[in-house]
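Sequences are here, hints too, so could you generate the full structure?
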Amino acid sequence: MRVQRCKGTRDLAPEEMARFRLIEGVFRDRCLKWGYEEVRTPTLEYLYLFTATGTLTPSMLGKVYSFLDWDGWSGERVVLRPDGTIPVARFYIDNMVEGGSAKLFYVTNVFIFEPTGKETREKWQCGAELIGVSSPSADVELITLAFEVLTGLGLDGIRLRLSHAGLIRALLAGLGLSPAEQNRVFDQILDGDGDVLAKVKPARPQASKALASLITSKGKSSGFLKTLKAQFGQDIPELKAPLDAFIDTVSLLDTLGYDYEIDISSGRGFEYYTGIIFQLLTDEEKIGGGGRYDALIPLVGGRDVPASGFALYLDPLMKAVRPAALGKPGAQRLLVRAEPEMVTEGFAIVKRLHQAGYSAELYLAGRDVAGFRWALDVRSKAPPFLLTDRVKRRKVEAQTIDDVLALLNR
Amino acid sequence: MKGGEVDKELKIALPKGRLLTETADFLKRAGWGLSDYHEGTRLYRIKSRRFPHLLAKMFSEKDIPIQVAVGNYDLGICGLDWVKELLARYPSSALVKVQNLGCGEDALHMVVSRSLGVTTPEELTARAEVIRIASEYPNLAESFALNLRLRRFSVFPLWGGAEVYPPESADLALVPGRGDKFYEAGLVPISQVLSFSAFLIANKTSWEIKDLGEAVASICEQSVAGEQYRPSLDMTPAPEMAGQWPSTKAGAVRLALPDGHQQLPTVSLLDKAGIQIDDYPSPTGNRRPRVNLPGVVAKVIRPQDMPLQVANGNFDLAITGRDWLKEHLYQFPSSPVTELLDLKFGWVRIVAVVSNDLSVDGSDGLRQLCAERSLPLRVASEYVNIADKYARDNRLGMYRIIPTWGASEAFLPEDADLLIENTQTGRTIARHNLRIIDTLFESTACLISNVNSLASPGAGRIESIVETLRRALKES
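Here the protein sequences come in this chain order: A and B.
Residues in the first sequence are numbered from 821 upward in steps of one, following our numbering.
Residues in the second sequence are numbered from 52 upward in steps of one, following our numbering.
No lab work stands behind these hints, which were simulated from the structure alone.
Just to be clear, a hint being listed does not mean it is correct.
Taking lysine-lysine and the DSSO-like style, the derived pairs with C-alpha atoms no more than 27 Å apart in a straight line are [said to hold, decoys possible]:
no.	chain 1	residue 1	chain 2	residue 2
1	A	K1106	A	K1139
2	A	K1060	A	K1040
3	A	K827	B	K440
4	B	K79	B	K323
5	A	K1038	A	K1021
6	B	K148	B	K377
7	B	K98	B	K255
8	A	K938	B	K255
9	A	K827	B	K135
10	A	K883	B	K395
11	A	K883	B	K377
12	A	K1049	A	K1019
13	A	K1060	A	K1038
14	A	K923	A	K1038
15	A	K827	B	K79
16	B	K377	B	K395
17	A	K883	B	K255
18	B	K98	A	K938
Stretches of chain B that chain A covers, calculated by requiring three or more beta carbons in the stretch to come under 8 Å of a beta carbon on chain A [as the list claims (entries may be wrong)]:
no.	segment
19	196 to 206
20	355 to 368
21	373 to 386
Beta carbons: idealized from backbone N, C-alpha and C, even for Gly.
In structure tokens, the structure reads:
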């Protein structure tokens, strides 16, 4: 019987883990520098944490891994975390609400069923959340942090795509659709159907032009939004407030010299967002996204606290990171070969070498010895130590371990 | 069997129960010439005169879509309700809906108690408290809740009798049936979840690669696609139900009485204890009989469903079987349900059963069988958690549990390798060419309660009922 890996899961091999840790390391470093603190929430949450917000679409909730726990006789299910932000919102309400604002980050896995099993159903994310601040600067700080991480990973040519959840909702309301119909269309946008807006039949004719402009043109500056506002602000007053908010943030991005495109029909996976939505893309795929979600914390049961955040997707990023960005930690590794009666001394020497900051291991029969820079023979006869530099092809004798360390430091 | 023979062989799963008579008539008109497909038959394997390569087997209706989807059967006939129930949880199931047979029409409604004053589903979405939904269709109930975006809900999966749960034991029930039935039970339909009839379904792979033409054609020729059932939602208030259902705080005792074949021994025991119950067993199917004991109210539900209901505090006392208590406790080890009395009647053994074709003895033999084969051992049972524990405790290696809803003997040997089943005499098992290889435990009827009920202000009354029953047992 051959035991197989579970369908829709993946193993991370050492080389992939090196990429994973590199990304995680750069992400942690930049987050800490911007004053964010790391949190880790449990893999298991109650399902109702995710249903209570009323924001995840039924189609998304139909793909979560939920089950009855060993004490689940009440019929309420638990779930493998399908989202990174909602548990952090719960954490904030549970632990930090008295403190006002909070800057939090996390590296976590999320679980969503994918029917073909070709894509992984367990995805990894690096996320940052800025809770308790509602200014455009807060949104731009998150975009800046995301770009610092990506630049730190040696990635360039990252595209920034902007949308605005409040604007989409205002547009749907402005089209004169019934509340049920507005929800249906919004859900379809969230589920990735970007064309749904083009199929909508507005009940208010003056809204048709605004709709067509918004979905067909892709703006590249705040000027685009200002033109839209001038064009449609009178006819569809609902659009004014979200457009003003959108313009504030985009103007700041302009002054900071960011390139971006505005495409309001893209909203896949941004269920609980209320304001700006930003997506980060390479030529091939989406590697991150985020935005403003002011309604989430009250929906999870907290006070009326604004928040925004983003996540970088580790799975595509691991493919995008170039091997040059990976260090070669093995280059200075040291192999200690102790004669059979010298094994005790061998262990003591490896310990000394570790304390001195070297990567050292004892020779084990059956282990591949390639890839070590140094070999140190520990002998029962004189000389007690023989150090081989495999790069410089040189052998040196030593009397004490201190001599060995001196030789290595040379 | 040679490859060509396998290709010709056609397997169909036919329903027992509700759809049996109509399906039998239908296939008779289609000229199938089936042997032994009628009410009361004890044979689960059926032959056709018209299609000599056809093998038909009878299953509980709920099992049929699963059996067809996993590829054990090429074709199946069952209500579309059970197809939708499977697809609600497993949308990529390999099923093709072939033909509406135009019979067996019914509808599934989400109902609430009239006393709740709710008439539309939307009125429920604003609620922050947990909304409890009871149903034989737990997957459809869950997707209803998700689509409605209920903020917090729990689903009680039931074996039956969902209509008696609202409003006390559940807020909503997803039930089959029509207006009159709801009216009599004091229920109001708030949403029609599904209108359905009997369907011919096919396994997707069989449909793509096998020649099912003649059999399918014979069915399609006969079927007159029936008018879809349109329910008339009757919102007029019916008289209030007799007997208020109290909470434990009120100090009254809420008793769950079994339906089905445990009713007569239950009545006999209660009689001896001097407890009279009007209209139980009820010829009209009344599930709220009156107990002639002050401060005691009763509902009639399935014994299988009782431990979960007692755990949830919906009942203080229930008469069920120890098999169903264990089934519950194996799933929820820290459940507050506890056995108070062994009622001695309804004795069965819970046994492990294999086909006579399999030369295996005892659990050691099973373990060896598992180690030798490359395919997972298929374990069929109504007792999913007992079967799972048995497989775990006996280290059966790679195994799969196949949940069944009755008539489990039919699964061996083609559709399962091991069966965990209850038996009194072992005769049914022997008649199906099966053999008992292990006894897991013995089960009798028992009285169960919730440790929290026993610590509540109403505990005194519970204890006096238990004491009365204990004395009646001693005298008998």
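Checked hints:
no.	hint	verdict
1	K1106/A <-> K1139/A	12 Å, holds
2	K1060/A <-> K1040/A	19 Å, holds
3	K827/A <-> K440/B	25 Å, holds
4	K79/B <-> K323/B	50 Å, violated
5	K1038/A <-> K1021/A	21 Å, holds
6	K148/B <-> K377/B	38 Å, violated
7	K98/B <-> K255/B	24 Å, holds
8	K938/A <-> K255/B	21 Å, holds
9	K827/A <-> K135/B	24 Å, holds
10	K883/A <-> K395/B	46 Å, violated
11	K883/A <-> K377/B	31 Å, violated
12	K1049/A <-> K1019/A	23 Å, holds
13	K1060/A <-> K1038/A	19 Å, holds
14	K923/A <-> K1038/A	32 Å, violated
15	K827/A <-> K79/B	44 Å, violated
16	K377/B <-> K395/B	16 Å, holds
17	K883/A <-> K255/B	22 Å, holds
18	K98/B <-> K938/A	42 Å, violated
19	196 to 206	holds (count 10)
20	355 to 368	holds (count 3)
21	373 to 386	holds (count 6)
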